[in-house]
Amino acid sequence: MTVRFKGVGLGLLAWLTGIVFFLPIAWMALTSFHSESDAATNPPSFTAALTLDGYREFFGVGGGASPWPALINSTMASVASTLLVLLLSFPAAYALSIRRVRKWTDVLFFFLSTKMLPAVAGLLPVYLFAKNAGLLDNIWLLVILYTSMNLPIAVWMMQSFLAEVPVAVIEAARVDGARLPTILARVVAPISLPGIAATALICFIFSWNELLFARVLTGVVAETAPVFLTGFITSQGLFLAKVCAASLVVSLPVLAAGFAAQDKLVQGLSLGAVK
Amino acid sequence: MTATASPRVAAATARPAPRPPSDRLRAWATRAPLLPALVFMIVVTQLPFVATVVISFFDWNALYPKDRHFTGVDNYRQVLTDPDLRHSVWTTVLLTVTVVLVSLVLGLVVALLLNRRFRGRGVVRTLMIAPFLIVPVAAALLWKHVLYNPEYGLLNGLLHYVGGPQPDWISDNPLLAVEAALVWQWTPFMMLILLAGLQSRDQQQLEAARVDGASDWQIFRYLTFPHLRRYLELGGLLGSIYIVQNFDAVFTITSGGLGTANLPYTVYQSFYQAHENGLASAAGVVVVIGSIIIATFALRVVSSLFREEVSPA
Chain A
1412 MTVRFKGVGL GLLAWLTGIV FFLPIAWMAL TSFHSESDAA TNPPSFTAAL
1462 TLDGYREFFG VGGGASPWPA LINSTMASVA STLLVLLLSF PAAYALSIRR
1512 VRKWTDVLFF FLSTKMLPAV AGLLPVYLFA KNAGLLDNIW LLVILYTSMN
1562 LPIAVWMMQS FLAEVPVAVI EAARVDGARL PTILARVVAP ISLPGIAATA
1612 LICFIFSWNE LLFARVLTGV VAETAPVFLT GFITSQGLFL AKVCAASLVV
1662 SLPVLAAGFA AQDKLVQGLS LGAVK
Chain B
5 MTATASPRVA AATARPAPRP PSDRLRAWAT RAPLLPALVF MIVVTQLPFV
55 ATVVISFFDW NALYPKDRHF TGVDNYRQVL TDPDLRHSVW TTVLLTVTVV
105 LVSLVLGLVV ALLLNRRFRG RGVVRTLMIA PFLIVPVAAA LLWKHVLYNP
155 EYGLLNGLLH YVGGPQPDWI SDNPLLAVEA ALVWQWTPFM MLILLAGLQS
205 RDQQQLEAAR VDGASDWQIF RYLTFPHLRR YLELGGLLGS IYIVQNFDAV
255 FTITSGGLGT ANLPYTVYQS FYQAHENGLA SAAGVVVVIG SIIIATFALR
305 VVSSLFREEV SPA
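Those protein sequences? They're chains A and B, same order as listed. Numbered according to this note's numbering, the first sequence spans residues 1412 to 1686. Numbered according to this note's numbering, the second sequence spans residues 5 to 317.
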């Protein structure tokens, strides 16, 4: 009886913890649907009327900068860099897991070590290079940088997924005369598709979130969504509903990608160390 | 880090003795799929860092480009003696250690709670992960404006109900305000890693211990905790690597003011606003040295987990 009672208590405690951690997000969502005057009351107005004004404001319906260029830039930078990452990491993972090069573990750890080099340390030379090459405020520069940021994660994740592909299947294809590109595209890729998808989602999240490089290297043209959000750092009178709407809209792709990749999220975040 | 890793890669491609051409051709065919990724990484990540090291030995203000000259280790002397910069080193350490430790402990508690069977476990897990899936800038804005605001923030709103005080959270404890927001985002990360650790425990061993009459505490102390140790290390070290580099929260919540400027923010500020290229580079190199110390341990932990997985195969 006491064991059962304790079990229920711990279950309730787990629920309570989950709710406490989720509360700020729930409150953000609720506030985004309030009018500005209802959003800024103390004590908070939980039951105020709902409205889409915050979203209208954010999307620039009432004048003000439209977030669409920034959202489109973010989409371009994240999708393009994710595709480039897959294109580079998939063959590399093949050479590190199926037909292994000599010293393949050293190569893997070289990739990992680049991830541990703080991005901020390379920021200045990248900025000077971009300035001289006329690449400042160019979304393709971010695509290249985000690719280098995510490539180590992708190589590690992919090699652990590809290692699970049965060798016999690949040998059979080889005996039938298939060449490497065909084997990769027709045999390995379909088998490891769930892993590739999870890798892509995690790379997408990291690119979408990035602020420092985007802030330094872009201006009015190539500004990304996180940079657009920095416009809300200083208070602008009553703007709480607008901030909440903005934060939620910009986070939606990440929430969607994260929940879709939930099962493989740990593996990606721990660079493949934890399954 | 880069200096030690690169020769190892070079050694991997170097050949001990000349071989017949067909063998060499085959070796290159094996290497070919790897090369694009490897070359890309070396060019995009290693070259800029080498440039940073070179620039760090120059007195170079971007506003006076003609005055650029070699100064040896002067920039480093300045980074390590300037009170503001020294303070930012200390802030970085404090911020990283606090956030990592607190989110590790909280993450462990939540992971233990979620490792048990109860009604709605999947839902609670999803609720817990959500904070990690808010864009960092958005999360920082949420804490700054929606929770901390002294006039209409949720925290003071809730305090209002119980007749509590109405503190100005960010001005009163600026560093703590940044830390709390980061702990909220990083606890789910730790929880996920530790939960994976808990679920990889040897079930038969646990069962045997239970049959032998071990208490819950004994099982945790002598079986679970030793097993979790490496997952705790992994979470702590990966967390440190990300949080040492944190820029978004400091930039958004306090804009580096009120003594919360950490090294990444200082590097950003000294070249973006003060245009001190040499100084910024030296500060960047200091961040790297700090990261290398953490990374050396991190690589060891990852490689021990990795080898354990590879060896039975």
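It is worth saying that the hints were derived from the structure and are not from the lab. Idealized CB from N, CA, C, for every residue including glycine. Please note: incorrect hints may appear among the correct ones.
Said to hold, decoys possible - According to the in silico footprint, chain A covers these stretches of chain B (three or more CB under 8 Å from chain A):
1) 126-138
2) 220-229
3) 259-265
4) 279-285
Item to check | Hint numbers not upheld by this structure, sorted from lowest to highest | outcome: 2, 3
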